[in-house]
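Following the hints, put chain B in place on chain A, whose structure we already have.
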Amino acid sequence: AQSVTQLGSHVSVSEGALVLLRCNYSSSVPPYLFWYVQYPNQGLQLLLKYTSAATLVKGINGFEAEFKKSETSFHLTKPSAHMSDAAEYFCAVTVFSGGYNKLIFGAGTRLAVHP
Amino acid sequence: GAVVSQHPSWVICKSGTSVKIECRSLDFQATTMFWYRQFPKQSLMLMATSNEGSKATYEQGVEKDKFLINHASLTLSTLTVTSAHPEDSSFYICSPSYTDTQYFGPGTRLTVL
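Protein chains in written order, with the numbering used here: chain A, 195 to 309; chain B, 4 to 116.
FYI, nobody ran anything at the bench for these hints, they're computed from the structure.
No experiment lies behind these values; they were computed from the predicted model shown.
All C-beta atoms in this analysis are idealised placements derived from N, C-alpha and C, irrespective of residue type, glycine included.
Hints may be right or wrong, so weigh each one.
[Claimed, not checked] To spell it out: a stretch of chain A is covered by chain B in this simulated footprint if at least three of its residues, at any positions, have a beta carbon under 8 Å from a beta carbon of chain B; those stretches are:
{"no.": "1", "stretch": "233-243"}
{"no.": "2", "stretch": "287-301"}
[Claimed, not checked] Keeping only pairs whose Cα atoms sit at most 16 Å apart, straight-line, the calculated EDC-like set for lysine to aspartate or glutamate is:
{"no.": "3", "chain 1": "B", "residue 1": "K69", "chain 2": "B", "residue 2": "D103"}
{"no.": "4", "chain 1": "B", "residue 1": "K44", "chain 2": "A", "residue 2": "E258"}
{"no.": "5", "chain 1": "A", "residue 1": "K243", "chain 2": "B", "residue 2": "D103"}
{"no.": "6", "chain 1": "B", "residue 1": "K23", "chain 2": "B", "residue 2": "D68"}
{"no.": "7", "chain 1": "B", "residue 1": "K17", "chain 2": "B", "residue 2": "D91"}
{"no.": "8", "chain 1": "B", "residue 1": "K23", "chain 2": "B", "residue 2": "D91"}
Just chain B, same shape as in the assembly:
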């Protein structure tokens, strides 16, 4: 149980383009979704939190207009990195929550050239 998928697993894009990352909870309904970013050899930093159908709440220092989060259903959330720049290159991990337990996706490696 508690299977989480992310797509794509890795993506390379040019600077200035937008990239969408999908996160799906395959066998449970996630009332809350957390998105984390992990730079190389560093820990996971929480970017934002959202409930299904509601606007995301962003952590301090995270630009809401740059990292667009959509949590349209209980099984799908998307993170769109708009106008990506090389400094946005990172490992993005989603974490859907069910009954106060957080599960983690396998991550998406974004490289911006």
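Isolated chain A (complex conformation):
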């Protein structure tokens, strides 16, 4: 069954530093993978998605992620962190079950950005 695992429930970086949030997937078929961001008490905002086209996916707010089949990874990166990037980040994979394509989420990684 398809699933995603996010390594590190908390990540703390300095403003201006590289952001790296890790996500590994498990899938018996080519996966569709997503990264979402959630600010406190809000819904989810799509950052980017991989749907079997280019392996390097660019998203909003300067984020990008690279699909690496050999490593079963889809890590999220941003070259330079801003204070406004502090939020909860979720990696997700599409699972076909019960006649539907459903999004299944990882446990989430809380990103803290300090001055």
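Leaving out everything else, chain B in the frame of chain A:
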């Protein structure tokens, strides 16, 4: 585009009462609706899936008689938490889907006293 609203954004109720949460897709028609629950500091857990006009399909462990889902139109779905108890306190998020893309509502914070 792809604006989703939920109402109410937060609600406090007494134990034993029922609460209805509305989810509307404002500028698109959602063929499929997903409802998620998120406990504090945890991930989103899928509760159920429904197509417009059809009965919802519930995930394992989710009581269908407790969480009533109505997807009467392509722009409106409701989740009713019946006989709510404190353990039902959570953040409920709807996710209407259009052309295989899931969009997310802003969420409803339910607190049961």
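Quick rundown of the hints versus the structure:
1. Coverage of the stretch 233-243 of chain A by chain B holds [criterion: at least 3 residues with CB-CB distance below 8 Å; count 5].
2. Using a Cβ-Cβ cut-off of 8 Å, 10 residues of the stretch 287-301 of chain A lie near chain B, which meets the minimum of three, so the contact claim holds.
3. Taking the CA atoms of B:K69 and B:D103, the gap is about 28 Å. The hint is violated against a cut of 16 Å.
4. The hinted pair formed by B:K44 and A:E258 fails the criterion: a straight-line CA distance of about 25 Å is larger than 16 Å.
5. The straight-line distance between the Cα atoms of A:K243 and B:D103 is roughly 13 Å, inside the 16 Å bound, and the hint therefore holds.
6. Taken as a hint, the B:K23 and B:D68 pair is honoured in the structure, with Cα atoms around 14 Å apart against an allowance of 16 Å.
7. Distance check on the hinted pair: B:K17 and B:D91 sit about 11 Å apart at the alpha-carbon level, within 16 Å; holds.
8. Between B:K23 and B:D91 the alpha-carbon distance is near 13 Å, which keeps this suggested pair within the 16 Å criterion.
Of the numbered hints given earlier, the model fails hints 3, 4; all others are met.
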